[in-house]
Amino acid sequence: MNPFTYKRATDSAEAVREVAGNRNAKFLAGGTNLVDLMKMNVQQPDTLIDINRLALKKIETTANGLRVGALASNSEVANDRRVREGFPVLSEALLAGASPQLRNMATVGGNLLQRTRCYYFMDTTFPCNKRVPGSGCPAIPGFNRIHAILGASDKCIATHPSDMCVALAALDAVIRVEGPKGAREIPMTEFHRLPGDTPHVDTNLQPDELIVAVNLPSSAFAKRSGYLKVRDRAQYAFALVSVAAALDIRQGRIGAARLALGGVAHKPWRSLDAEKILTGAQANEQTFRAAADAVVKDAVPQKHNAFKIELARRAVVRALSDVANRGAGGAA
Amino acid sequence: MSANQQSSKTNQKGGVIGRPLDRVDGRLKVTGGAHYAVEFPVENMAHAVLVGSTIANGSIKSIDTSAAERAPGVLHVMTHENAPRLKPVSTNPAEGDAAARRVPLQSPTIYYSGQYVALVVAETLEQARHAGELLRVTYDEQPPAIDMERERSKAVAPKGKVAGKPADTSRGDADAALAAAAVRVDEIYRTPTEHHNPMEPHATTAVWDGDKLTVYDATQYTYGVRHTLAVTFGIPEENVRVICKFTGGGFGCKGTVWAHVGLAAAAARAARRPVRLATTRQQMFANMGHRAETEQRVALGATREGKLTAIIHEGLSHNATYDEFVEPFSKPTHMMYACDNFKASQRLVPLNVGVPTYMRAPGETPGMYALESALDELSYKLGIDPVQLRLVNHADTDPDEKLPWSTKLLKESYHTGAEAFGWSRRNPKPASTLEGRFLVGMGMATAVYPVNHFPSSARVIVRQDGSALAESSTHDLGTGAYTVLTQVAADTLGLPVERVSVEIGDTNLPRAMVSGGSSTTMSVGSAIQGAARAAIAKLKETARADSRSPLYGASADQIVAAGGRLTLANNTSKGETYTEILKRAGMNEVEAVFDMQFNDKPKTHSSHAFGAHFAEVRVDADFGEVRVTRFNSVFDIGRAMNLKTAASQMKGGIVMGIGMALMEETVYDKNLGHVVNRDLAEYHVPVNADVPPIDIVLLENFDEHASPIGAKGAGEIGIVGAAAAVANAVYHATGVRVRDLPITPDKLLGKGALR
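Which chain is which? The protein sequence lines are A and B, in order.
First residue of the first sequence: 63, per our numbering; consecutive thereafter.
First residue of the second sequence: 7, per our numbering; consecutive thereafter.
Since the hints were derived computationally from the structure, they do not count as laboratory data.
Wrong hints could be hidden among the right ones.
[Claimed, not checked] No more than 20 Å apart at the CA atoms, straight line, and that leaves these computed lysine to any residue pairs for SDA-like:
(1) A:K101 <-> B:R142
(2) A:K101 <-> B:E129
(3) A:K101 <-> B:L140
(4) A:K365 <-> B:D153
(5) A:K217 <-> A:G244
(6) A:K365 <-> B:E671
(7) B:K757 <-> A:H366
(8) A:K217 <-> B:N677
(9) B:K676 <-> A:P189
(10) B:K676 <-> B:E129
(11) A:K101 <-> B:D685
(12) B:K753 <-> A:P363
(13) B:K417 <-> B:R443
(14) A:K101 <-> B:Q288
(15) B:K544 <-> B:P461
(16) B:K676 <-> A:R255
(17) B:K757 <-> B:E193
(18) A:K101 <-> B:L131
[Claimed, not checked] Covered stretches of chain A (chain B as the covering partner; in silico rule of three or more C-beta atoms under 8 Å from a C-beta of chain B):
(19) 199–208
(20) 317–328
On a predicted model such as this, the values are computed, not experimentally measured, just so you know.
Note that beta-carbon positions come from the ideal geometry of N, C-alpha and C, so glycine has one too.
So here's chain B without its partners, still in its complex pose:
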């Protein structure tokens, strides 16, 4: 049962917003009609493969390409010795979109294992792959720095900001308040390196026509790819066209542009052929970023009544040696709870790994695991129910920005979730429930994610036949963007969804920003709403100016659009269809473009999505195997455009959170620096049997400050806090507090209430 609270009231007009429509692209996907980056047919195409370094630190001494070049079908072998000089691109999102400033194949220096050292182009994929294996590379090898613990003395302050704030921030005096606190929790929490592992590996097909370049890419950011390639090759942006009709999952690792994209284009130019380059799963464990491991100290001071008097959140995350990415785990702690004394500090430990990157709720995901675990520990020390403790410390305004919340249904999330889950049946005593061989426990945690929106443009065309088209170069990562945007356009235009189509993923369409930060629905949805309104306004103008129209002379605000018609608001029998208006005016269509700006007004409110997770686990009392048996989560994500796809986003996030809690971990060999579990057999993500029934409630809300369409963003909040809810349930079941994820059987065996 999925009790969606958000149902009728947000739909007062009986419109299509919120309706749990099936995906409009579902048929294409299940019939193979949806083309991903490697599936666009291109004539005369050659194949490229990348070859990775077999050392993690040092430099290339020599590369013998002779055998590879003689191999059948080989068209080109590229190394740092003959690669074209490619220009670096900024990684600052305001200026560029590269994932790392370092350009591949420009020098013999090796920074991490698997770093590209060569590229081979051949007639077939098999020939390219075989030739790649014939390269003979020798290295000057240095011992790699891989172990964050061993290298911790080399920790440095980030050069840039940490999620927009200085790396060291404070309000009040957290240290003094902690020392004076009646009750304290002061613990270290660790999260391991994790990889995104979208189903679709990164891939690029590059086609040159003179100095014009067309690229089919697996990306979350078509315009970012266009910009990066234009800078890389020193050509005008208009010369580059990037197409991405479907993205097979991204989770952040396709939000910036990795080295293989430019290399595919360089290979196509060198071979004078269209080139397709698909990376392997193993290469994705080295070259497409990851969530950096963290070591987080969370210290909480509280009164005996549970009021927080001090919060300290500080620690380390790892970084590459050649660029900077901070996993901003302290970010949510700035604003989560009401507390006068707060301090945050982050440091980076450079290691011989590829540069980390954004991964689903960067910052919030590891940070809220630590903070919500610490809150849980505090609840037991105080003897206060974990939900009650969070209500006591509820922030009624943003304590960081000192602004009112735009909307915040967090208290309702706690209450609704506790009720649906049956939280009141929980025995407060840990390790108190044994059912057969299983210790059973319940845990909860808070979810939060900020509202991010980016300037976006859209075009809407209403055609004489009564159909419409909405366009913007955004992306569908499997999230349901096609469907949701269709609903926004149909609702605004007063047309049935079947009459509206949406085109995305092509830089020939109006500009959209990265599909990241849970921004797409808000940003592009609002742009499409604006363009659709502008198109309707043009139709109104046409009708009002036409003496043959029943709406002749009516003022624009007297006219409404519904059911494919313009009518008087107070007399819907007086009006006419879009078809009639356009036909009489001799117009095939009416077109409008809208540029959505978000930050053009002073900020008056702080906007975040909120939620609460409730999880039940069963722990095998002999073996320490943890299985999640139920999940109830409640969210305030503003207005949901489609209750089905929105709930699916929440569920997907929770599944990923279960994986984070119980199994996900990238392991590096500490001596040689290679990832040891670099495939999906050994890097565990949850399989169906690991996933329990997940019940999602989306609270009814419309946040006009967050976005014109009332939404707050849905892509990431589902994972935030989910791992903490599971970890807290494991503690409640067993009495064992595991502070380093994932919670595998070896960390529980024989401890606490386990036999």
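Here chain A stands alone, though its shape is the one from the complex:
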């Protein structure tokens, strides 16, 4: 662990100012990911700007939905009645992740910025294009059972580890950020990036921008939504494959659909092709199977993760069936 300077910001303008002047500064919120990475020298910021005193903890009802403060803890969001009733997929995704202790510390903003759990990224003994650009990707010739099947590049096959982000991708969430040039909004689907030739850049957030809130628009499909996570043990494991599904069903026909997958790509994988098939179709298994096929149409397996393609297909069918059967409104 490198020596570093610790500063505490009192408002978002001050926090942004501190980081804007120093490319090696990082915001510190719950610290459940960043501090681990610092201990392992995966990240070596020279300055930490503690933002925990900023007034960004509230979950507020807005004209068209909810505004979730960036410092709201994962536990608070998961257990908020408005979230459970209006956006059950978000509550379920949060509760499927980590452990109660971690969820009490981890924040919404931090969860958005979680780094990959690729073994090779997490261990500085290995080369890694995401950690040291140009050093190579040992996961491709190495052990890649947990790696991406969609949207990967020959530079990086890591997956995004978050459950929450998969739900946000299916909810048309919008990320509100503040930077030196003022505030802006980034649609969730454009927040994270595919690896391409620059796997070291996870998101389209600029280094001097601070996430202040996540806006969740209410909708009929958000109300009838759910999260499914397939994993190697019952709890406290990252997803092999996860699915956030949201459907607006009227008289058996799908009015609107959202479908996003976790554990399969460098970012929460929203499948517009599948949504197109679902929209307007009858809500039945045949439709769901067609949607599942569309999700994995362009999937490319690595040596150890071909099973994820079939697993993803099955998980999509199960998740859509479960959501169709559960009726609109509220986690079970």
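Please build the complex by placing chain B on the supplied structure of chain A, with the hints as guidance.
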């Protein structure tokens, strides 16, 4: 409900043996009063950290320590270029206690990834850690040998024995019998590398005073640490004191002495300061041993009635390139079933990994997974119930040693377990039960573990105030040793447990051997019983010789000890308290030492603990996720000293067995040789949600041949066969036989009865 069959009868005297007492050290643990190796306050202490190799094969070209040495707070940087010459210690348990004969930091050669290349001592832990990262090491790197499959042509016969037997052994003609058998199973089973992962990482605090050394260590073997350090530094054993009051789990990886222990002492000497060295979880994946991966062929020949006519158990396990450890998977097969034709053979494949070591039931754990899986396969081929198949082949005497069993309640274990589990409700047809989205299956397997005991010494002191103290330098790994030994002492002394205390984990106390091989209760318990009896005998002598005593002139065998008093056996009103005896004699206390020897008589019996596991699983028919839903296990472990801690040992073993069946696997990168999943986020062990209700029955028994206190050992048998029971249940649920553990969803997806 936990129907402990062992209850009243073993307790005929109404004594404390067997009582399910809460742990006597429970309060200390939950209040933080229990000090582990890094928690002993030491004045003027410095901190050491170890730095590991970033290559898996080759040698160090150069180490630039200059930046590290200039870093704030740094007191000393040790590499192979300036380390003191340390003497190697034998790894043969009869002669030494080192985990590996290779001494660290003595040469530039790199045998495995993470091997220590340097040590940094600084004022604070953070300073030491930071300075360690400033070292610049360059290497001559060679491609590592990591893949057992790729290296299998380099397999060699072990130099030493395999669990006390030659690597190639046979009786009868197994090959011919197999060829002639009416029904055959001949399959390869694989188990991966596994790591022990005790909660407490290895740690050592070393304090020199002249040429006297005190060490606080996380260990299963205080006297072994003392011996190793004495040899390493060329000082008399009496100069070394090793203290370990609590061990935060060991499972075998703290049973021998790893390199960091000597390095902590070397660092303390070099820095002229007491030094604390705590290893990291990541370092434990490289440097503290592991259970080696195995590839096992099990071939069974049988008659149509299910009688075994041939058993062959042979195969490979991996080894380090610089030392030898054999994972003796064929060991239980020698004696498990009655069969005239048997053959076993083991070979080692040297790889660029740290040397493997003992891990909870070494040999039995992977071996019984393979053997009991093969038995299960045979049961389906024959159409014979798996329990019945095992009864048909029950060994009424030890077929290997040709000796009668000391005691063996294995048939009772099968019957009791089948009844408690509801085995008769099992549909013999695999893949026959679908409940909603889940395929449900039932499986069973046998458990076995030999009786191991080691010579042990104990001292018991009965004080004038009517309290007592029992002492021996054994260990409590979280197993309940403090509690169990308190019960043995209290029972023998005829005192309430509240009046008896136990001191362990200090080489100033009488010698005990390694807390391994499920030996502690038998070995140290018997020594304490002997010392307590000797103390009572001294009290009797004192009373009988004293004309003022009501017991004056009575013969020793007429006198009994109970309730803190000596009385006549036939007239308990005639007697007096220990306090009265000692007071009148002007003695503050009476003290007795007992040296327990076990192998001083010819062996007349073969002694093993036995058991049977019954497991139910639910397999998600779409995804192949396996969840264990119930577990019933029945054991014959001889007399249980404490039904609660003994049942907890069984449960802990079964939880570990569930982990072995479904998730535990250390993965090495086959190109670079580093462990890729070297933390508890990615090396999966069961979490609470993975563990079903586990119902334990301990059959009532007293095995006088196993140990004077009647016990057969409890620490390891719980894991033996547990993974096979789960794997067999998965087959029954799905019709898919997974022969390489762990059984993860990808190995079931879309196969058999899965959709």
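Distance restraint between K365 (chain A) and D153 (chain B), which requires alpha-carbon spacing of 20 Å or less: 16 Å, holds
field: Given hint R255 (chain A) paired with K676 (chain B) - CA-CA distance at most 20 Å
entry: Violated, because 30 Å separates the two Cα atoms, which is more than 20 Å.
message: Check whether the Cα positions of K101 (chain A) and Q288 (chain B) lie no farther apart than 20 Å.
response: Given pair K101 (chain A), Q288 (chain B) holds - Cα atoms ~12 Å apart, limit 20 Å.
message: For a C-alpha distance cap of 20 Å, please report whether K101 (chain A) and L131 (chain B) respect it.
response: 13 Å, holds
query: Given the hint that K753 (chain B) pairs with P363 (chain A), does the C-alpha gap stay at or below 20 Å?
result: Within the cut-off at roughly 16 Å; holds.
- request: With a cut-off of 20 Å on the C-alpha distance, tell me whether K101 (chain A) and E129 (chain B) pass.
  value: Holds, at about 19 Å.
field: Distance restraint between K417 (chain B) and R443 (chain B), which requires alpha-carbon spacing of 20 Å or less
entry: Violated - the C-alpha atoms of R443 (chain B) and K417 (chain B) are around 36 Å apart, more than 20 Å.
task: Quickly compare the C-alpha distance for K676 (chain B) and E129 (chain B) to 20 Å and report which way the hint goes.
output: The hint is violated at about 39 Å.
- prompt: Does K101 (chain A) pair with D685 (chain B) here, judged by a C-alpha cut-off of 20 Å?
  reply: 13 Å, holds
- prompt: Is K365 (chain A) within 20 Å of E671 (chain B), Cα to Cα?
  reply: 18 Å, holds
message: Is the coverage entry for the region 317–328 of chain A by chain B consistent with the three-residue Cβ rule at 8 Å?
response: violated (count 0)
message: Please verify whether K757 (chain B) and H366 (chain A) have alpha carbons no more than 20 Å apart.
response: Measuring from Cα to Cα gives roughly 17 Å; hence the hint holds.
In terms of the numbered hints stated before, the structure departs from hints 5, 10, 13, 15, 16, 20, listed from lowest to highest.
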